[in-house]
Amino acid sequence: MMMRSILLFTTAALIIVDSAFSQEHLATTPVGFLTESDSVKRRQAIEALQNQRRVIVQNLVSILDGKFSDDIRVGAARLAGEYRAAEAVEALLRNIDLDVRPKIMKGLLTEEEVRPISRALERIGNPSIPAVIRNLEGSDDVNVRELCLQVIHHIERDKEIARLRLRRATDSQLDSKKKARLQAASQALLKMESQ
Amino acid sequence: MQLQSLSATGATQINSTNWAAVKATTNDWVTLEAALSPNTDGAASLLSWSGGEAVAGHPRQRKVSKAISAKTTVTASCCNTSLSDTVWILWATVTVKHDNSKTSYDAATDTGDQAGFPAYAGADELGPVNLLTNPTPYLGWKVEIKGQITPVGVHQVITSGWVFYQSLTYVDFLNGTNSPSASGANAPDAVFNSYGSDLEDKTPDSNENIFALDGPGIAGSFTLYKSTDNFDVWVRWNGQVASDPAHWWIRQKAEWQGSGFNVLENSGGNGTTTIDNSY
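Here the protein sequences come in this chain order: W and L.
Residues in the first sequence are numbered from 0 upward in steps of one, following numbering that gives the first Met the number 0.
Residues in the second sequence are numbered from 0 upward in steps of one, following numbering that gives the first Met the number 0.
With the rest of the complex left out, here is chain L (with noise of 0.2 Å):
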């Protein structure tokens, strides 16, 4: 008899031997297959495996539970050959920085990254930007978005596939008073609206992390402006949902006031905020 390969379903092959799934809440599994010459089940008494486990009525087949993330290697042996493939089961956390400095692209990490905000924007600083004196004026709320992947490790294996997604609800005044500009929410799962790809770092640092950086708000000259925003960011891996939603807010208001801009407030953080319908 002899043992001549293992394969998997319920997951996407990476290469040779690693496989991924994202996490699932309902009960679904991995299932990972010898196959056997003669290919019978009665041949299979002679297999032995390690890790994830057993498919009652199903000795050749080996399940990994998806209910949590975490990295499995299973073993099938047998006839002096063993065989072993390593399933990633995948998921993100997702957080959203808005002080001090942004922490994605080290130089130490990143090496050849394009790093930095466009130059409108100011330097790495996230939080409040009050810029309106600028040629290019900017009154923006800037962050660091980042998703922490597990399990550890999975930066050496699974490189791409990763993105943001965002959406947000919004009510926003511009140049006049008492009526919207503009009200309304994009539509699920829209793609991360941020500054150029190059600027989302969508492949794992050697901390397992992912980045992108935003920084909603107003460019060019007004004479009013009121915005207040609730966005929800999550991941995504070869097109599936990998974390849950982070939810972050802005809210900001300005007035040209005859020889400069007042800012009356740029505020942001993790949650949610009031949406104002009136200005």
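Next up, chain W with everything else stripped away, as it sits in the complex (with noise of 0.2 Å):
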């Protein structure tokens, strides 16, 4: 069966594209139209995708910040991951709950579906670590505390970076509390790397 997808453009055109990319479907996508002789056609399907990114993104922003269904915000949140959407960062660590909240599985669940948010966030990779690391040693729950020190962990697969990312954050910490938090999560990492 063919999957489709709906793209919306700033001239409030709609394109349905089919995701099979043969010949007869490149022709009728704005994908299509990156293969042009026409520089102008080109650079305009290339803005029409820019765009269609940024619309897609903010739409699963808002939909992480509305009131929609866990289910519904942990389906954006898998697709903000994809789209690697570093705009998104802020909205998926509202959504942070989403990973601990409890999930009885009749069946294995994928890393996606048991923490959809600290995925999500691992794919985006490094524009995501500031943010992480401010809700590191702001959040009094221990459990998102260890989220955020996995999601680090994960994106830093070099332990140097990531012992040094946390170091900085410390150093230019004043607020003791979250310094100590940060220094907590330090040891942590040490912890996590050495298993």
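Only true hints are included.
Now the in silico label distances, taken between C-beta atoms and shown as ranges: (1) ARG93/W to THR168/L: 35 to 41 Å; (2) THR34/W to THR94/L: 50 to 56 Å; (3) GLU86/W to HIS246/L: 45 to 51 Å; (4) ASP139/W to SER180/L: 25 to 31 Å; (5) GLN49/W to SER180/L: 44 to 50 Å; (6) ILE71/W to PRO150/L: 47 to 53 Å; (7) GLY259/L to GLN49/W: 48 to 54 Å; (8) THR34/W to THR271/L: 56 to 62 Å; (9) ASN125/W to THR168/L: 42 to 48 Å; (10) PHE67/W to ILE67/L: 55 to 61 Å.
Below, simulated BS3-like cross-link-like pairs (lysine-lysine); rule was C-alpha separation at most 27 Å, straight line: (11) LYS102/W to LYS96/L; (12) LYS101/L to LYS252/L; (13) LYS252/L to LYS96/L; (14) LYS102/W to LYS252/L; (15) LYS201/L to LYS22/L; (16) LYS190/W to LYS176/W; (17) LYS101/L to LYS102/W; (18) LYS178/W to LYS158/W; (19) LYS177/W to LYS158/W.
A few chain W positions that, by computed beta-carbon distances, are all more than 10 Å from chain L: (20) THR28; (21) ARG41; (22) ALA47; (23) GLN57; (24) TYR82; (25) ARG83; (26) ALA130; (27) ASP139; (28) ASP170; (29) LYS176; (30) LYS178; (31) GLN182.
In short, the hints are calculated from the structure, not lab data.
Just so you know, even glycine gets a beta-carbon here, dropped at the ideal spot from N, CA and C.
Assemble the dimeric complex from its two separately framed chains, guided by the hints.
Structure representation (structure tokens):
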């Protein structure tokens, strides 16, 4: 079965795009314009696709910040991760509770299903780290702090860099409570690395 | 006279000389027919057969019973020509392993498979898993489900079409007492509810085995959790039931008690358990 997605453009034209990339489909999709010999059309296609991504990410953020069910927000979070949407980092962190909510599993779930928010942040990668560190130092919830630490650990495969980031954050932090959390996080990171 | 071809009915054609059907409990047969030139029963008097059984009144036909899982090669010979087809009657025996390390995805026989449980579920050890102090808490019971396919040699010929199906009955309690948070039974023949299709090794290995991993339980934080579940799992080939069901069960109970989780029960095994309707 062919999957279809609806792309909304600034021109308000509604274009339906097939996900299968045959030559025939290329000719009818914005991506198809990337193969045009006309440079103006190619540039317009790039702009349209960039704008499309921006609109999608804005909508995902709206869903994450909206009064939608857990499952709906989980779906938005997973897509934000797929899109590597740095613009959605703050909204994702506002939903970090979704990772700690209980999920009764009648079969194994994927990492994305079990911890959708932190997996999305990991996919986004480096751009999410400053906000994750802020969340780590600011949260009273030990589960949230551990999830944040796990995100940093998974993004920064280079443990030296991860430690350096935490040390820098610790050094520049004036609030003693936050400083203590960051110091504890550095210790916990060491433990994670040795496991 | 000429022996031109062999074809079969009552079986799925795998390639030019191999046919397969799932074992049947009824009196069912795969029938092979030789095409002759001229294609008459009279011409068939020169035809000799080996393998399978004669079909009374139809000398151009031969039949293979579906009652037993076996590999049968049927050869028709005539006029300096011999043609052979092999009929595979398929069946699988499903077992569920609850302890020690999983055996599937052995690099020696399953090179290239994406092996392993998801990271939050821990290592390859089967049975009870208590990782409730992890950043992603998980209390689970991990199993490896194996389908041993017969007859021997099937992995060289019938490499696709194998799928596990699983159904369950259960009662759950979550963050409350006395009344279940959920209960029920999923529909028979529900698609196997496991961790992604890439962990369901549905290509038979050199030992004629297919595998799936499962790990029911709870992830995340909670104050109270109890679940009793009975699972039935079986194999299908090309949409047809190709094994008897294997029955397995889990019982799990854990509570948050101030400073940490107290796991009161996390057990499982083969067979069935009594489903608890009270906490």
